[in-house]
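Undergrad: The listed protein sequences correspond, in order, to chains G, U, L and W.
Read left to right, the first sequence gives residues 1176 to 1608 (my numbering).
Read left to right, the second sequence gives residues 261 to 898 (my numbering).
Read left to right, the third sequence gives residues 2 to 483 (my numbering).
Read left to right, the fourth sequence gives residues 20 to 119 (my numbering).
Calculated directly from the structure, the hints in this document are not laboratory data.
Yeah, the Cβ is synthetic: ideal placement off N, Cα and C, and Gly gets one too.
Careful: at least some of the hints might be erroneous.
[Stated by the list, open to error] So these bits of chain W aren't anywhere near chain U, every CB distance computed over 10 Å:
#1 Glu24
#2 His25
#3 Tyr28
#4 Leu29
#5 Ala38
#6 Ile48
#7 Asn59
#8 Ser73
#9 Phe83
#10 Val92
#11 Arg104
#12 Ser108
#13 Trp114
[To be verified] Heads up, simulated DSS-like pairs for lysine-lysine below, C-alpha to C-alpha not over 25 Å straight-line:
#14 G:Lys1500 with G:Lys1433
#15 U:Lys720 with U:Lys705
#16 W:Lys70 with G:Lys1433
#17 G:Lys1284 with W:Lys106
#18 U:Lys434 with U:Lys292
#19 L:Lys425 with L:Lys295
#20 U:Lys705 with U:Lys794
#21 U:Lys434 with L:Lys425
#22 U:Lys869 with G:Lys1433
#23 W:Lys116 with U:Lys869
#24 L:Lys158 with L:Lys295
#25 W:Lys118 with U:Lys869
#26 U:Lys794 with U:Lys812
#27 W:Lys115 with G:Lys1433
#28 G:Lys1564 with G:Lys1433
#29 U:Lys812 with U:Lys572
#30 G:Lys1500 with L:Lys102
#31 U:Lys572 with U:Lys818
#32 W:Lys116 with W:Lys106
#33 G:Lys1284 with W:Lys116
#34 G:Lys1284 with W:Lys115
#35 G:Lys1500 with G:Lys1284
#36 L:Lys443 with G:Lys1564
#37 U:Lys869 with U:Lys572
#38 G:Lys1564 with L:Lys425
#39 U:Lys292 with U:Lys720
#40 G:Lys1433 with W:Lys118
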Amino acid sequence: MALIAGLVLAFGITLADWGIRESYFHNMISSDSYSLSFSALLIACTGVSLLLSPMYYNRLNLPYMDIAAMKLFALAGGICIVSFVNLGLLFIGIELLSISSFVLAGSDKRNLLSNEASLKYFITGSVFSSFLLFGIALVYAVTGSFDVTVIGAFYSQAGGNINNLFYVGMLMIIIALGFKVAAAPFHFWAPDVYDGSPAMVTLFLSTMGKIAAFGAFLRLFNQAFLPVPYHIGILTCIMAVATMFIGNLSALWQDSYKRMLAYSAVAQTGYLLLVIPASGSMSADVLFYNGITYIAASVIAFSVLLLLNQYTESESRSQLIGLAKQNPFLAFAVTVAMLSLAGIPPTAGFFGKYYLFTLAAGAGYTPAVVFAVISSLISIFFYFDIIIKMYTGEAQEQLKMVIPPAYSFSIFVSLIVLILLGVFPGILTGLLQ
Amino acid sequence: MNLTFAQIALAALPFLPLAGFAVNGLWGRRFKETTIGIVGCGSILLSFLLSVFLFMANLSGSFATVQVRLFDWIPVANGSIGFSLMADPLSLIMLLVITGVGLLIHLYSVGYMHGDAGFARFFAYLNLFIFFMLLLVLADNFLLLFAGWEGVGLCSFLLIGFWFTNESYNAAAKKAFVMNRIGDLGFLLGMFLIVFTYGSLNFDQVFTAAATAGGANNATIIAITLLLFWGACGKSAQIPLYTWLPDAMAGPTPVSALIHAATMVTAGIYLVARCHVLFSLAPFTLSVVLAVGVATALLAATIALFQTDIKKVLAYSTVSQLGYMFAALGTGAYVAGLFHVVTHAFFKALLFLGAGAVIHALHHEQDLRNMGGLRTELPFVYRIFLVGTLAISGIPVFSGFFSKDEILMNVFQHHTVAWGLLFIGALLTTFYMFRLLALAFWGEKRGHHANYVPMNTTMKLPLAVLAFLSFAGGFAGLPEFTGLNWLHHYLSPVFSDVTLHNEPHLSIGVELGLMAFTVLAIAGVIWFYASRFKHLQTRELNQLNGELPWYKKLPANKYYVDEWYNRLLVQPINRLSDFLYRVADTLIIDGLVNRIGGMVLSAGNRARKLQSGDIGIYLYVMLAGASGLFLLYVLLGS
Amino acid sequence: MIVTILIVLPLLFGLAAIFSNGRSVRNAALAVSLAEFCLALYAAYSFVPQAGMQQVLNLPWIPALGIHYHVGVDGIGLLLILLTALLMPFILYSTPDDIPKPGAYYGLMLVMQAALIGVFSALDGFLFYVFWEMALIPIWFLCLLWGRGNTVAVTLKFFIYTLFGSLLMLVALIYLYLQTPQPHSFSLEVLYAVSNLDANVQGWLFWAFFLAFAIKIPIFPFHSWQPDTYVTAPTQGTMLLSGIMLKMGIYGAMRWLIPVLPMGVHNWMPVAVALSVAGAVYASVIALQQNDLKRMLAYSSMAHVGIIGAGLFSLTANGLTGVVFQMLAHGINTVALFYVADIIERRNNTRNLNLLGGIALADPRFSVLVFVCVLGAVAFPLTNGFIGEFYLLYGLFEYNLPMCIAGGLTVILGAAYMLQFFQKTMFGNAISTPHKPVYAGKSELYVLVPLTAIILLTGIYPKPLLNLAAPAIEQLLQLAQF
Amino acid sequence: MIPLEHYLYLSIILFCIGAMGVLLRRNMIILFMCIELMLNSANLLLVALSKFHSDNSAQIFVFFVMLVSAAEVSVGLAILVMLYRNKPSTQIDLWKKLKE
């Protein structure tokens, strides 16, 4: 419980110095509105994960405390990369986050799947962190400094005629961060890791890990490579569209609910990736809004999985049949989450998608928006299949599901977030202008 | 508003039958038959008295035309079409016929329908029919006329399919309504053209605009008149759209008498007469009307020669007589056409009710082959049937002679070939009418009918009145040269503006000669048939049972028109419907959508396989992806 | 203010009903829908035909993006709100008492009504889109949980098909939003003023909007979801779908397609009219040979709507008056006919026309009421169908003749299959049902008698409705000139 | 004095060798070495650049990189030990259960 208290304190501090804008550690890290809001989001995410983990872990009787420590390390890494000014800190933060994720992925020692997940994550992760380092080196080669603002100034006043190495460096960094975020050609690790590692870790990785990486990605682009060159923009759009289609298509046939959530996470990355080519004034706002809705929806979706794990080993979708009869509140929450992930109006997911499409169309990538729309149509198949299973059909055995207070609290909060943001998006928009 | 009494009468006129319909319709089942009869006939009696009052007022010159506007119905173009009624000499004549004959038929059907389960329903429908017919005749704009037009079509559907437990009657009713609808479509298109060119649908505005525009035979006028004539063909069963009338005999006989002899089928003629201004501006259409009229008259007459069902013979005879009326209109002799409408209403209603009496007496036996020798058994029916037959054949003194002769006279001046065909038609009419008379009444008794159902007075009275009218009706329009043609004088204000280019400039001598010639020919036919009717009858009976010679087979089977319609129109549509549903809808359009869904699912399956699980392959593909990005960057960058 | 109450009242009550499944939800829901109807009547009463938008309320909803909660109502919108408010009590009352989970059912129905009224009164592009899609979810749940047959596959196909159209519309709306002057805004007037779109861009946008509306209406090639959904959905769901939701598509085209993209509409008008008329003829030919009662009614509804679509895209004053009036007429007729189909099916538990018959013998009063509904559907003069059909065909006539003749064909075919339906169910000798079923009991009469009265009344005296719609149509036509 | 390009090409070559090593070898320990090789190639480049820009912040950054790679390897080896305990082999091809 002490941990949660600590986290709440940290959350309060970050909100407290909302207004102040200055940098610490000789300009390595800065606390502008962007970094503070994302840090707060990451802290909240970790808090939820810590809140839910005791009940989950004592069933697996794993050393709950070590895993909590790992999560906090990951959180530290996350906060670093969300508020970095110096590229060096970006690399260190990414590494801190990744290494603690490798450990978390393998946290269930006896389970072979978890081992395999951590192996895969480790090997691919370290290969692509070297890409990141090489990219930073190349960018340093051309601009002569690690400081993001200096690079940004150098790049913008250099205009078009900048040494080609710079673009190669930028591309290397995109590939590395693309991997971290599980974008299209580099997404292969994500389904296996998310499926293999224990459900609690998957929740943590897919929410905290992904949003931290996106925060870093966008911060880098907003600060350093602001006038995103058009063909780099198209490249990221292609990556985004590819991610969406692969994620959505593969999720269609998944019998296992967990693996379906993994692929849906990959698909959601595809949508978020559209923010990068359109980076500029509104992109931070869009990312933050979508980040919150994605986290809220994932928390609900995964908490159902966690609750089911209490009673049955199998993670197949058929477990959900007839849920509405046993537990109408949970079924309603999952329905809202699924509607939000699919992007149906009254929920926050819709406005997030709309906001994202407006941004992308504004930056001139309308074809990408059309593809995004088509892929979100494909996603209806499996999101609604869950809703259909819950509301039609009779559950085989009457498992009397009792929801511990921690779960009902977190589900309730996420539900409020999804509906409130859906009906009154005005609260958040314009926050990070 | 100072509504004159005439206007109040006019306004009330159509709504009396409607009230009758409402009363019988809603509470009919609770009343006894007599009360239903009283309500039914009473409402028609009242409207008959009102129309007689209006007629007298008109005769006494208190008003030329009376008009009353009840309320605004539909705003069209600039003006707005009102739910307004108008009565002028033309509609008054039709009014008298409708309410008069209608009243008699109502009385008759009290007796005829005695004991039928749907007694109340029958009278309700009859009253509704009279309401729509009055609406049609009294309308002062095309739209209200169209409302009445479709209304009578609806009532004919209800009444033909009155005994709805019989499947074939239902089919006949549906066929009648759909065929009427085809005609109504033409009428609707004609109305659109009128609004499009003249900007309004009120008769007087349209006719004045048309008259001022002038310019005979321009394309729009011809188109309008042709479309209106197409609607009239649908309703008055002319050549292309006549096959529904013989099938309409499925309804009870009073219905056939009222609707398919006296009133509804004459709606087409009323429409052409009402729009005489338009038609006279389009001589081409008039010649079409003449041609269609003559063709229908001849065709129907030939078919009637070989029919064995008593009502079918009369049905084809009606189609043929309608052909005569349209021929008269075709020559521009609107008054002659209307005169024949009136007389035809009398004697054809008489014949139908007579036939009804026969059927009633012989327990619903309609086949002529097992009738015969009824002259002695049903003397009264035989006598009125004889009057009707003489009237329709055009024997002097009887009403048919005057009206048919006037038509022949007008057609003779206009188009001698047409006159010749119509003359042959007249002979054929006489032949098949006397054949019917002989088969039913003369000769020895065939069939096994013994105790005849007696007729009560409510059936006898209308028959007697109709017989008198068929006899005396002709004097309303004595031939022109006698100067006593009252009808012509009465209707002249309505048709005054039409330049009656065919004023009978024939000398009296030629006219008398023609008249004598036709009478002699008809008398010859009667004598020929009467003298050897036994021999002719036996030959025809065994021919009917056995194999008909080729030249008789064609008309006997109604020239296979019904079969042609079926094969050329009805079956292809049904086959198309089956094809469209099974192939186009489920296979192609629906199939396409489902296939797209299927494709997405199979793509999902393949995408799933992409995740092979082997780390080596992952790394390989990822690095390949990275180099692919570089390649793409280079390609895009250049 | 009234419009907002019209939206919020059913929404709140609906949500409350969904979570409480008490027994007395049915009466409460009925009371709310009747209150809605009175409110709508008051709004109609206080509506001044000449002045443009009325009851306007404009609150900032998402200021950062220039999106406002902007609702208001003009002639056309008001008529459709009246239709919704009128039909809702009948639909609710016609629900059998023994349906499972009544709370959720009535809740979803009321949320549905709120979304529909929202669509008809939204003046802000984004708000329109949100209500447009919000209307999809309740109907999807209704058809899924209370339908018969393989509801899962059919409703999913229906949902995805309609969503596909509306998502394309979303992309088009976003594109338009970005064309508006800098502080982008979604409000109707600003979108109408967008004029810097050249022909082929307008063409693309036209097709994006047209697809969404064509799927919803449905117009010919995009109709494959309709028959199956109408058949598997519960009758009340079908009533909602064919009675009111279909009008969303037409209203959407009138409000958001024709004035916003005049050049696109003008270039693609012939195609749209041709598709609609082809669809009308196609559907009425198919309806001839249908044995399943509800499927036949589905195709007949599609035929009627094809003609409405043709009248809509003929862009003539008469055509548009016809569209507005026929929307009302068609709404009432289909709701009545589907209710009749439901009664017949519940009594004989079969929908196969060949097995039915003799209902006129069993219950003559019921057959008379059904006959009036059939007359309305067949566009018989003195019924509301005729007035709509007359204007539509006349508008089509002014547009071009062959289309009008094809339209006329559907009127003839319409008479054929509707009478066939009437004869097969009502006439003929009674099928061997053990007991003589009473078809029109007291509760059925409460629905059928008012509907038939409305059919005849609006047929005889349509003037007040036409006056309401006329100024709005004029304004629409002015906007459509480019 | 050796121009900067040579260092650049050397480090790129080293980087590619490391990448090829990761792809081709199946043994986990060799894999770790190749990853280290890729990281160090970047270090080499950083040191060269720091000399070229005569600004020592890059060299300090190299220290951090070494620190991080050390941490990384230790975690990697720990995972290797865990895997070895369950399946006595260091071949990565054995681990294929998570697929599709």
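Undergrad: Hint by hint, say whether it matches the structure.
TA: Now for the hints, and whether the structure bears them out:
The Cβ of Glu24 of chain W sits about 19 Å from the closest Cβ of chain U, beyond the 10 Å cut-off, so the non-interface label holds. Every CB of chain U is more than 10 Å from the CB of His25 of chain W (nearest about 22 Å), matching its label as outside the interface. At the 10 Å boundary, the C-beta of Tyr28 of chain W stays outside the reach of chain U, the nearest C-beta of that chain being 17 Å off. With a least CB separation of 20 Å from chain U, Leu29 of chain W remains clear of the 10 Å interface cut-off, as annotated.
With a least CB separation of 6 Å from chain U, Ala38 of chain W falls inside the 10 Å interface cut-off, contrary to its annotation. With a least CB separation of 15 Å from chain U, Ile48 of chain W remains clear of the 10 Å interface cut-off, as annotated. Once the 10 Å rule is applied to beta carbons, Asn59 of chain W is consistent with being away from chain U; the minimum gap is 19 Å. With a cut of 10 Å on Cβ distances, Ser73 of chain W stays outside the contact zone with chain U, its closest approach being about 31 Å.
No Cβ of chain U comes within 10 Å of the Cβ of Phe83 of chain W; the nearest lies about 25 Å off, and the non-interface call holds. Annotated as non-interface, Val92 of chain W keeps its C-beta farther than 10 Å from every C-beta of chain U; the closest such distance is 18 Å. Residue-level check passed: Arg104 of chain W sits 19 Å from the nearest beta carbon of chain U, beyond 10 Å. Listed as a non-interface residue, Ser108 of chain W keeps its Cβ farther than 10 Å from every Cβ of chain U; the least gap is roughly 14 Å.
Against the 10 Å criterion, Trp114 of chain W falls within the reach of chain U, whose nearest CB is about 7 Å from its own CB. The suggested pairing of Lys1500 of chain G with Lys1433 of chain G holds, with an alpha-carbon distance near 22 Å, which does not exceed 25 Å. The suggested pairing of Lys720 of chain U with Lys705 of chain U holds, with an alpha-carbon distance near 24 Å, which does not exceed 25 Å. Between Lys70 of chain W and Lys1433 of chain G, the direct Cα distance comes to roughly 51 Å. Violation of the 25 Å bound is thereby established for this hinted pair.
Restraint check for Lys1284 of chain G and Lys106 of chain W: the C-alpha separation of about 12 Å stays at or below 25 Å, so the hint holds. Distance check on the hinted pair: Lys434 of chain U and Lys292 of chain U sit about 31 Å apart at the alpha-carbon level, beyond 25 Å; violated. For the hint linking Lys425 of chain L to Lys295 of chain L, the alpha-carbon distance of about 14 Å falls within 25 Å, and the restraint holds. For the hint pairing Lys705 of chain U with Lys794 of chain U, the CA-to-CA distance comes to about 13 Å; that is within 25 Å, so the pair holds.
The suggested pairing of Lys434 of chain U with Lys425 of chain L holds, with an alpha-carbon distance near 11 Å, which does not exceed 25 Å. Our distance criterion of 25 Å between C-alpha atoms is met by Lys869 of chain U and Lys1433 of chain G, whose separation comes to about 17 Å. In summary, the hint linking Lys116 of chain W to Lys869 of chain U is supported, as the alpha carbons are separated by about 13 Å, within the 25 Å threshold. Note on Lys158 of chain L and Lys295 of chain L: the hinted pairing holds, with a Cα-Cα distance of about 19 Å set against a maximum of 25 Å.
At most 25 Å may separate the alpha-carbon atoms for a hinted pair to count; Lys118 of chain W and Lys869 of chain U meet this at roughly 8 Å. With a C-alpha separation of about 19 Å, the suggested pair Lys794 of chain U and Lys812 of chain U falls inside the 25 Å cut-off, and the hint holds. Note on Lys115 of chain W and Lys1433 of chain G: the hinted pairing holds, with a Cα-Cα distance of about 18 Å set against a maximum of 25 Å. About 15 Å separates the Cα atoms of Lys1564 of chain G and Lys1433 of chain G, which keeps this hinted pair within 25 Å; it holds.
Taken as a hint, the Lys812 of chain U and Lys572 of chain U pair is honoured in the structure, with Cα atoms around 17 Å apart against an allowance of 25 Å. Between Lys1500 of chain G and Lys102 of chain L the alpha-carbon distance is near 11 Å, which keeps this suggested pair within the 25 Å criterion. A C-alpha spacing of about 11 Å is found between Lys572 of chain U and Lys818 of chain U, which places the hinted pair at or below 25 Å, so the restraint holds. Between Lys116 of chain W and Lys106 of chain W, the direct Cα distance comes to roughly 13 Å. Compliance with the 25 Å bound is thereby established for this hinted pair.
Using a Cα cut-off of 25 Å, the hinted pair Lys1284 of chain G and Lys116 of chain W holds, with the two alpha carbons roughly 16 Å apart. For the proposed pair Lys1284 of chain G and Lys115 of chain W, the alpha carbon gap of about 17 Å is at most 25 Å, so the pair holds. A C-alpha spacing of about 37 Å is found between Lys1500 of chain G and Lys1284 of chain G, which places the hinted pair above 25 Å, so the restraint is violated. For the hint linking Lys443 of chain L to Lys1564 of chain G, the alpha-carbon distance of about 39 Å lies beyond 25 Å, and the restraint is violated.
Taking the CA atoms of Lys869 of chain U and Lys572 of chain U, the gap is about 77 Å. The hint is violated against a cut of 25 Å. A distance of roughly 40 Å separates the Cα atoms of Lys1564 of chain G and Lys425 of chain L; the hinted pair therefore is violated under the 25 Å criterion. This hinted pair checks out: Lys292 of chain U and Lys720 of chain U have alpha carbons roughly 22 Å apart, not beyond 25 Å. Of the supplied pair hints, the one linking Lys1433 of chain G and Lys118 of chain W holds, its CA atoms being roughly 13 Å apart against a limit of 25 Å.
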